[in-house]
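Build out the structure end to end from the sequences listed, making use of the hints.
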Amino acid sequence: MGAVLGLCSMASWIPCLCGSAPCLLCRCCPSGNNSTVTRLIYAFFMLLGVGIACIMLMPGMEGHLKKIPGFCEGGTGSSIPGVKGHVNCDVLVGYKAVYRVCFGMAMFFLLFSLIMVKVKSSQDPRAAVHNGFWFFKFAAATAITVGAFFIPEGPFTTVWFYIGMAGAFCFILIQLVLLIDFAHSWNESWVEKMEEGNSRCWYAALLSATAMNYALSLISLILFYVYYTHSDGCTENKVFISINMLLCVGASVMSVLPKIQESQPRSGLLQSSIVTLYTMYLTWSSMTNEPDRKCNPSLLGIIGLNSTTPAGQDRVVQWWDAQGIVGLILFLMCVLYSSIRNSSNAQVNKLTLSSDESALIEDGPAPENFEVGDGTSRAFDNEKDGVTYSYSFFHFMLFLASLYIMMTLTNWYSPDANYETMTSKWPSVWVKITSSWICISLYVWTLVAPLVLTNRDFD
Numbered sequence: 472m473g474a475v476l477g478l479c480s481m482a483s484w485i486p487c488l489c490g491s492a493p494c495l496l497c498r499c500c501p502s503g504n505n506s507t508v509t510r511l512i513y514a515f516f517m518l519l520g521v522g523i524a525c526i527m528l529m530p531g532m533e534g535h536l537k538k539i540p541g542f543c544e545g546g547t548g549s550s551i552p553g554v555k556g557h558v559n560c561d562v563l564v565g566y567k568a569v570y571r572v573c574f575g576m577a578m579f580f581l582l583f584s585l586i587m588v589k590v591k592s593s594q595d596p597r598a599a600v601h602n603g604f605w606f607f608k609f610a611a612a613t614a615i616t617v618g619a620f621f622i623p624e625g626p627f628t629t630v631w632f633y634i635g636m637a638g639a640f641c642f643i644l645i646q647l648v649l650l651i652d653f654a655h656s657w658n659e660s661w662v663e664k665m666e667e668g669n670s671r672c673w674y675a676a677l678l679s680a681t682a683m684n685y686a687l688s689l690i691s692l693i694l695f696y697v698y699y700t701h702s703d704g705c706t707e708n709k710v711f712i713s714i715n716m717l718l719c720v721g722a723s724v725m726s727v728l729p730k731i732q733e734s735q736p737r738s739g740l741l742q743s744s745i746v747t748l749y750t751m752y753l754t755w756s757s758m759t760n761e762p763d764r765k766c767n768p769s770l771l772g773i774i775g776l777n778s779t780t781p782a783g784q785d786r787v788v789q790w791w792d793a794q795g796i797v798g799l800i801l802f803l804m805c806v807l808y809s810s811i812r813n814s815s816n817a818q819v820n821k822l823t824l825s826s827d828e829s830a831l832i833e834d835g836p837a838p839e840n841f842e843v844g845d846g847t848s849r850a851f852d853n854e855k856d857g858v859t860y861s862y863s864f865f866h867f868m869l870f871l872a873s874l875y876i877m878m879t880l881t882n883w884y885s886p887d888a889n890y891e892t893m894t895s896k897w898p899s900v901w902v903k904i905t906s907s908w909i910c911i912s913l914y915v916w917t918l919v920a921p922l923v924l925t926n927r928d929f930d
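The sequence shown runs 472 to 930 under our numbering.
I should point out that these hints are in silico values taken from the structure, not numbers from a laboratory.
Honestly, I wouldn't trust all of these hints.
What the hints assert, rightly or not - Pair by pair, the computed Cβ-Cβ distance ranges are: (1) G522 x T925: 44 to 52 angstroms; (2) T613 x I909: 33 to 41 angstroms; (3) A614 x E663: 46 to 54 angstroms; (4) V697 x R597: 32 to 40 angstroms; (5) P729 x V697: 35 to 43 angstroms; (6) E733 x I909: 20 to 28 angstroms; (7) Y696 x F620: 41 to 49 angstroms.
All residues carry an ideal CB built from backbone N, CA and C; glycine is no exception.
What follows is the structure in structure tokens.
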């Protein structure tokens, strides 16, 4: 009897797997808005792919695969009589596997980005595909990823590397928009609490957060000069550090000028401090990709431990490098923040505007009554009158995020001519340092735009 009930319970999941986000939500999560739940599920898809890519970068994976009888070409495990390995296990591990897993994720999200162009509300038939059919979408993403492993090596790796650099560069700019939105929300929340009462406490908290960001930026600046420059060389690093230091100081001063404050009352040093700290991260990240080892010391060497890479050899691609860990943390913050952000006036939702701005509605709280016929809790479809975000751009952002995570996990290293190893190259350095300059320029433009475009409303 218990087995029959269990089978019936499993059967009740089948409509949910083919249905919408509310159906999935009623089984495993609290109540919420349909738009938020859908974004969180897509974020879970992304995180699942990231986890698989990280596993494939773990040391010793190729050896474990070759021990499987009859699986790999030239495997060392005990062979099964009459069975020979036909799988090239070199492609299933290391940076080649990361390229293919991220290729599958990127193509999946790019396909949905094209399908969801100009969806205005949940009444559109395409919205049902976006918000439901999760089993089939998971199967499609898996099929695309598995198919990527059958792509011949050839020029694929080099071409996909340069596409990944371009996409990661664009996602870095999106990261800046999300960080600025977070800073504005943070600043507004604490200023409101400061005005409501206990102003000294909240003012001290706001000042402390700003001071901490600037202190971390200053410490980073000093460490850059100490470890990434030398008196007899590393000219590029000296130029990069000095230019970004001056740009950050200029942007911080500009944010508190009377003219700027008059047109942009919400601007302040908290936002500038976050942009400054993010710029320091981009500066450090670019210097860690320099080919010259003397100007690019390993983190283990900096903290006093011996580097595991012998001199004269290329560093091993691994996601647990300091650069990869920080990049992963920023990636997780941005993807999750863009998935749960609710205010339609936020920069993150302005970034994902559909072509018809009036189609956007407030992604506010759902009604209190979520009960349906069977008494289960479900998500509320809050997009019948208009979408709360652009479906197409959301998927395009995840497409860029797939490329960014690919470059992060491989440390932005470039494959060599024989596609056997990965090495640091100058193009990665210039992409990152240029993105830092563009990031500061974009932030400065948000400060001066109301003074230049006086006929536009920037509220």
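Checklist entry - Is it true that V697 and R597 lie within 32 to 40 angstroms of each other by Cβ? => result violated (55 angstroms)
Next on the checklist: Just to be sure I understand the hint, the distance between the Cβ atoms of P729 and V697 should be within 35 to 43 angstroms; is that true here?
Outcome noted: holds (37 angstroms)
Item to check | Range hint 41 to 49 angstroms (beta carbons of Y696 and F620) holds or violated | outcome: holds (45 angstroms)
Next on the checklist: I want to verify a distance hint. Is the separation of the beta carbons of G522 and T925 within 44 to 52 angstroms?
Outcome noted: The hinted range 44 to 52 angstroms holds for G522 and T925, with Cβ atoms some 49 angstroms apart.
Item to check | Consistency of beta-carbon spacing, I909 to T613, with hint 33 to 41 angstroms | outcome: The hinted range 33 to 41 angstroms holds for T613 and I909, with Cβ atoms some 36 angstroms apart.
Checklist entry - Using the C-beta atoms of A614 and E663, is the stated range 46 to 54 angstroms upheld? => result Cβ of A614 to Cβ of E663: about 49 angstroms, so the range 46 to 54 angstroms holds.
Next on the checklist: Given a hint of 20 to 28 angstroms, does the C-beta separation of E733 and I909 actually sit inside it?
Outcome noted: Holds: the Cβ-Cβ distance is about 27 angstroms, inside 20 to 28 angstroms.
In summary, the one numbered hint that this structure violates is 4.
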